[in-house]
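S.K.: Here is what each chain is made of, one letter per residue.
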Amino acid sequence: MADLTPIEVLQRSIAAELPTARINLDPPHLPSGSWFVDVEWNGALAFVEWRPLEGFGISPENVGYGEGPDVTTKDSAAAAAAAIGFLRSQHGFRDALIVADEKALQTSLRDNFLEVDVTSDIVGVRDAVAQLRRHMYRSVIVDTRVELSHALLSELERSFRSLNAITVALLMTSSPSEMVSEWAQIIIRHTVNSRNLALMVRSLLRFGNDPLAWPRLHHDPDQPK
Amino acid sequence: MVLTRSERFAIFLERLAAAEPTDSAEAAYNLVSSTLIAVEDEFSGTKFDPAQWKTDGRLYPPQLDNRRAVAGYPEVVRYRSLGHHTLIGSNGSIQIITIRGATELMKAGTDGRHVWQI
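Protein sequence lines correspond, in order, to chains A and B.
Take the first sequence: its letter number 132 is residue 414 in this note's numbering, and every next letter is one higher.
Take the second sequence: its letter number 8 is residue 1192 in this note's numbering, and every next letter is one higher.
Quick caveat, the hints were computed from the structure, so don't treat them as lab data.
Since this is a predicted model, take the numbers as computed values, not measurements.
All C-beta atoms, glycine included, are put in the ideal place defined by N, C-alpha and C.
Some hints here could point you the wrong way.
Partial chain A-side listing against chain B, Cβ under 10 Å, derived [what the hints assert, rightly or not]:
id : residue
1  : Pro313
2  : Val330
3  : Pro334
4  : Pro342
5  : Glu349
6  : Asp357
7  : Ala359
8  : Ala363
9  : Gln372
10 : Phe375
11 : Asp377
12 : Phe489
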């Protein structure tokens, strides 16, 4: 993006992360004036002001009349990240949605998630579409043993495209449900650049080596590491 | 006495609405600016210093170089700030709206006409 202006870099960065965002550019009419970029995404608004000699100022929708920005930076990517952060923070994202019909599986997943400080909502497959439209989830765990409707698959596709959330599909075997950790295979779908892919793989490899060493996991003091 | 941002903005709107109407765009802009500066001097607890506008928490008037023409309304100019437009008519009318389009204040010029009526 070497030939792009900072304001174009900002726009592209936001569009890449939030493809469904509406971006309005309000250019200056006087040479020394500010460029403004208004970003609307899922009903939330964030504003970016850019003065070529001073850099970016970014604010959420509740910025006061005549008030300065919440965040200032000279870097386009940082400005885009701040705007995206404001948009996402206005939605109260939830950590996880578990889509499964089997009660034992629901309970097991919920309890294990809670144990590692991940809150989850649980719905049956029939109610999943409505739940996905009601709230924003950063991850969705789907029991793929049951038949998934076209409507649910479409809703998952839509929400992940717009939110860049993580999908975790559980491909079950015939093992008993109380042995969840031994029979769940995981497929992760997440849009990342190559560096973040490397970081994600490193993180997973560390988990594979020593799950209890991962952050946020409650250690059992009686259990040796 | 130091008041919150929303309390100061409410006082600014009250004073602006109660002020004598103006008869030119320049007078209207000056009215907006002087009213906001006076409210902030009284209630923000922060000294007027435009160089610090990004970080001092004080509310500042629209910047002159953020003036824009309004398509189809040659007698109206628009001052853009982060979350608002301040529209000023050549007859001294004033309208402050949010970026979503909600009107915060609408004040006619001395001829009784509002921004979109000139």
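S.K.: Look at each hint and say if it fits the structure.
M.R.: How the hints compare with the structure:
{"no.": "1", "hint": "Pro313", "verdict": "holds, 8 Å"}
{"no.": "2", "hint": "Val330", "verdict": "holds, 9 Å"}
{"no.": "3", "hint": "Pro334", "verdict": "violated, 12 Å"}
{"no.": "4", "hint": "Pro342", "verdict": "holds, 9 Å"}
{"no.": "5", "hint": "Glu349", "verdict": "holds, 6 Å"}
{"no.": "6", "hint": "Asp357", "verdict": "violated, 16 Å"}
{"no.": "7", "hint": "Ala359", "verdict": "violated, 20 Å"}
{"no.": "8", "hint": "Ala363", "verdict": "violated, 18 Å"}
{"no.": "9", "hint": "Gln372", "verdict": "violated, 13 Å"}
{"no.": "10", "hint": "Phe375", "verdict": "violated, 22 Å"}
{"no.": "11", "hint": "Asp377", "verdict": "violated, 30 Å"}
{"no.": "12", "hint": "Phe489", "verdict": "violated, 41 Å"}
When each numbered hint is compared with the structure, violations occur for hints 3, 6, 7, 8, 9, 10, 11, 12.
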